[in-house]
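Residues per chain, in single letters:
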Amino acid sequence: MPLGGIIFIIFFIAVFGVILIYLARAIGGVAKRTSEAKMEIYECGIPEMEKKDTKISVNFYLTAILFILFDIEIIFMYPWAVNFREFISAGAGTYVFISMAIFLAIFIYGLWWEIKSKALDWEN
Amino acid sequence: MSSMGTTTFEIVINLVKTVLIFLMMVQAVPILVWLERRGSGFIQNRFGPNRVGPLGLVQLLADAVKFLNKEDFVPDKGNRFLFYAAPVFALIPAAVAFMAIPMSTPLTVGDSTFLIQGYEVNIGIVFILGISAMAVYTMLMAGWGSSSKFSLMGAMRAAAQVISYELALGLAIVGVILVYGTFNLTEMIVAQQGPLRFSGFGFDFVAPTAFLPNWGIFFQPLGAILLFCAAFAESNRLPFDLAEGEAELVAGFHTEYGGFKMLMFFIGEYGHMMIAAGLMTTFYFGGYGIPGWTTQEVYAAGLSMFGNETAASVFNTAIHFLSFNIKFAIFLWIFIHVRWTLPRFRYDQLMDIGWKTMLPWALFNTILTATVIFLASQYIIG
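First to last, the sequence lines map onto chains A and B.
The numbering used here applies: residue -13 is where the first sequence begins, and numbers increase by one.
The numbering used here applies: residue 946 is where the second sequence begins, and numbers increase by one.
Just so you know, these hints were derived from the structure itself, not from any lab.
The reader is advised that the hints may include incorrect statements.
Stretch by stretch, here's where chain B covers chain A in the computed footprint (C-beta under 8 Å, at least three residues) [as the list claims (entries may be wrong)]:
1) 2 to 8
2) 15 to 26
3) 44 to 51
4) 66 to 76
5) 84 to 94
Note that the Cβ used here is the ideal one computed from N, Cα and C, for glycine as well.
Just chain B, same shape as in the assembly (with noise of 0.2 Å):
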């Protein structure tokens, strides 16, 4: 199932699929975005946008409207191309990153099998890390392309950045290959399902009940925190938006941009949280899984209900996307709630941190766990 389907009808349903993602991902920023102006309302003790529509929720709406009425503004020494191109090309990292995350179970509808991602990637890591890492490039085209300082200064802080943290989160992402075996997320999550089991040092422990789940956070603990700090910095989020600190920046590489192309950077933005999101839950706590029932549980329960193998599938798969998006909901919060409770760090201080202290704590944790796992099948304790 790595390539995309055999018969035309598959290639179809997989290709129509792909788009709903990515429309998907589109669709949920708006959401977010409210979502985050409303929580910073309550967070500050103020109301947020409730105006417009029930909860404020057309607000949304009406702000797409007038970005859409926004007249299309380039500066005269800017480069065109460059200016154009930047906000096109900051949709694209996220949202192809993003697809080869899991998101639930395969459904399988008479003979075909989909998936319920864009594509299965066998490297999935090293491809997510590396396709979401070109979101530099759009960074630097769009602060070279303004010519302004600003934008010049932005992009060049914001590409530094992202590049530094990429090395502990790099390194983080090694102690969950060590433990796991694999490049593969669909194979994590199946490892990640059951009771919580360790064998080594000659004995084997399995929880005693079914609710404690084997999830990677217990035994990555550090390489949790690390990933999850590193990915604040991967996606310019408070307390690490130095790329577009208000203070010194105006607003950093998009300082020239207006209307729809602002827009566009903003995808890009929440889209790197959604894949970070993502990652922490298919690295750390379980995927798709569900604490105390395994897939083929569900499966069965599905098919004591309906009856029907294709109506067992479609129950299971749609359990297990709920079981995703809750995890996947509670991260993104924690990065909203984050974004309106620290304050923003100095530039020296931000670098200080990725290289004197998250790589080294990271580099640690690659030991530990590489000495860990070497030690357990060696000795035998008692």
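Next comes chain A alone, as it looks inside the complex (with noise of 0.2 Å):
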């Protein structure tokens, strides 16, 4: 792994990053206040009525958590998939193949229930 260069040129890019903003307050100026509305947030034109704890459907979360689920399952094979050939060339094939044939029912099986039990529906 080429740490040192993928270090330098995430550096790198936060300062060239930094260096744009500044520019840009230094050219453009700071937003003067000119009056109370300018400086609120942007609400359809109507009074602000923000509160920081914003209500969120709970969808996201499920969705959130469903994705995590998945997403392990899914590396999981990533393993399997780089050494499928040289499982095969050397012999150890059938086995390497039913293995994931389990792991992939059981991961069709829990995709399944959870369409079925309507956690990934947006409708209602």
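Please dock the two separately framed chains into a single complex, following the hints provided.
As structure tokens, then:
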């Protein structure tokens, strides 16, 4: 892993971005408070009624949890996929194929169950 | 060659190269914006920007000057740190992931060899997927930092959409890994050199003409379609740009942004488009390879033309860089063309497509690929 190069470019981009923002601030200037309404957050012209704890549909949390579950299952397939041909040429193809078939059966059952239990429905 | 070089000269060149690739990405964005506006103009039977300079090309410069002159605004109730940090962080994942994509054959000058990519990562696919997925954080930072309802809802929608399509994307890539048996993008491109060939079921098939290349699209057609569709959602482009659905959310997670901070989000979005185009090229269309000629043949042609190894290497690199960029530009144009052709989905439709259509199809693609590879090694027909 060329870790040095990656860290270098991350820092370079961060510095680049900060310089751009300061440049824009220096040339364009900071927003002057000509009225209270100007500094408010955008809300269709009505007086702002913003609270920090805006309610968010529970479906977003469900989606996030299911994503973590399925993504981990998919990441498990990566080492299997990259070694599949080597296992076949070593004579262990049937074993590896059937192991992953069982894993995929559980995956598919899980997905089918999520769809059937309406955890992924957004219409309500 | 997996490190950043051994001598000081090589290290300095490699670091300058990463900076150059980043700056190339940044300056490609105005050109793409110009192409998008002109292209949309021609698609909708109007002109697009054509007043400032020849063909309106200087319009972008004028836009940049205008962006610079915008006053710097933070809403009173916003979180100042997150509000400023989000656009800066938006630049990072796209650029860092894009640099792992090889754009041409290595350039050999004397004893030193330089890769035409930021750095070669041996687990290239996992690296690119992991880093580019970090873009979700910048959206959430922008949405939360603005403390506006529209921004927060846009950010939540964008995050849910991106992670949902990440599944189909990741699963479509399993098929690619099964075909090539490697995570390394350069090894994939090398495997796609030469004429189309397939061995299995007890016979070897080689294409009669060298111009039918050994590209991944012939082995993974379904995977290519799935990956490309998921890439549209990943980069928040139409028909999946629910994050900034103007009709109901004003501008999504960057409602409160303007001027240069807004432009940095744009650079991030176009960067993700470039990653998707680069991945499509690398996985399915032979990367920098040219149909009909292998890299060795191009190098030999350069050697016979110039009689100098360095010149031949430069020739080889330049030709393959051109080849990569032609394929890359075609995919970027498809992104732009689709944006001005298809209407936007509704949000529940979008989630249904991701979870209930693309994920099962990607699963089907994985199972089909694995089964064919397994059977091809076990059974002999005829």
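To see whether the hints hold, each was checked on the structure:
| no. | hint | verdict |
| --- | --- | --- |
| 1 | 2 to 8 | holds (count 5) |
| 2 | 15 to 26 | holds (count 6) |
| 3 | 44 to 51 | holds (count 4) |
| 4 | 66 to 76 | holds (count 8) |
| 5 | 84 to 94 | holds (count 4) |
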